[in-house]
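A.B. asks: Residue numbers (the numbering used here), protein chains in the order written: chain U, 1 to 114; chain A, 1 to 108.
Derived by calculation from the structure, the hints in this document are not laboratory data.
Do not take every clue at face value.
[As the list claims (entries may be wrong)] The calculated label-pair distances, taken between Cβ atoms and stated as ranges, are: (1) U:Q17 with A:T75: 45 to 53 Å; (2) A:Q9 with U:E56: 26 to 34 Å; (3) A:S92 with U:S73: 40 to 48 Å; (4) A:T12 with U:T112: 38 to 46 Å; (5) A:G28 with U:G16: 36 to 44 Å; (6) A:S7 with U:T112: 24 to 32 Å; (7) U:T114 with A:N64: 45 to 53 Å; (8) A:E67 with U:Q84: 26 to 34 Å; (9) U:I12 with A:G28: 36 to 44 Å.
[To be verified] Partial list, computed: chain A residues near chain U (C-beta under 8 Å): (10) G28; (11) S30; (12) G42; (13) M48; (14) S51; (15) K53; (16) I86; (17) I97; (18) F98; (19) G101.
For each residue, glycine too, the CB sits at the ideal point set by N, CA and C.
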Amino acid sequence: DTGVSQDPRHKITKRGQNVTFRCDPISEHNRLYWYRQTLGQGPEFLTYFQNEAQLEKSRLLSDRFSAERPKGSFSTLEIQRTEQGDSAMYLCASSIGTGGDEQYFGPGTRLTVT
Amino acid sequence: KNEVEQSPQNLTAQEGEFITINCSYSVGISALHWLQQHPGGGIVSLFMLSSGKKKHGRLIATINIQEKHSSLHITASHPRDSAVYICAVRRSQGNLIFGKGTKLSVKP
């Protein structure tokens, strides 16, 4: 257990539905990252926060995706109008400081869109 | 061409063998990470390095910044080492770019 938690661990949804995932980082960590991993591939960067500010978004993050970290603590990732191509493991990681430190990963949320 | 390339993609070894996994990258980095991922998804950081060599138990990681290459070595491999090993490079902003991983299976 790295101290980073994610909820839910598994989500099955029908195409077109909205889903929301939550990440709780280690409490004193300023940085929070979201990554996505499809089967057989390495993770890919989606977005990151420095405290409550979202500083960078990948081109992978279409307008159906939105992420928030309202109080600089937990973060949510919402996918609207899910598509089968959204099926993946969504990973959250956190680190202390401003990006130069080790990242601690959560267990991930596995999304299956049917 | 991917920015981070790992080899081999799959590796089967007998218990006790010395294992090497290689990582090459083509972008500027502030650090390189070696990560371990077990079935079910959980990722654990093994090493973070920006120069030279680090050792932790039976694991050794090296990096050559000029050649943009890193290696992860496992000495006296054990079946519990079976996992996916991922190389990731850290950009200046802090986000990671990952390789596709090397799936290691160590047979007893």
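A.B. asks: Does each hint fit the structure? Answer for all of them.
C.D. replies: Structure-based check of each hint:
no.	hint	result
1	U:Q17 with A:T75: 45 to 53 Å	holds, 49 Å
2	A:Q9 with U:E56: 26 to 34 Å	holds, 29 Å
3	A:S92 with U:S73: 40 to 48 Å	violated, 26 Å
4	A:T12 with U:T112: 38 to 46 Å	violated, 30 Å
5	A:G28 with U:G16: 36 to 44 Å	holds, 41 Å
6	A:S7 with U:T112: 24 to 32 Å	holds, 31 Å
7	U:T114 with A:N64: 45 to 53 Å	holds, 46 Å
8	A:E67 with U:Q84: 26 to 34 Å	violated, 41 Å
9	U:I12 with A:G28: 36 to 44 Å	holds, 40 Å
10	G28	violated, 14 Å
11	S30	holds, 7 Å
12	G42	holds, 5 Å
13	M48	holds, 5 Å
14	S51	violated, 14 Å
15	K53	violated, 18 Å
16	I86	holds, 6 Å
17	I97	holds, 7 Å
18	F98	holds, 3 Å
19	G101	holds, 5 Å
Consistency note: the structure conflicts with the earlier hints numbered 3, 4, 8, 10, 14 and 15.
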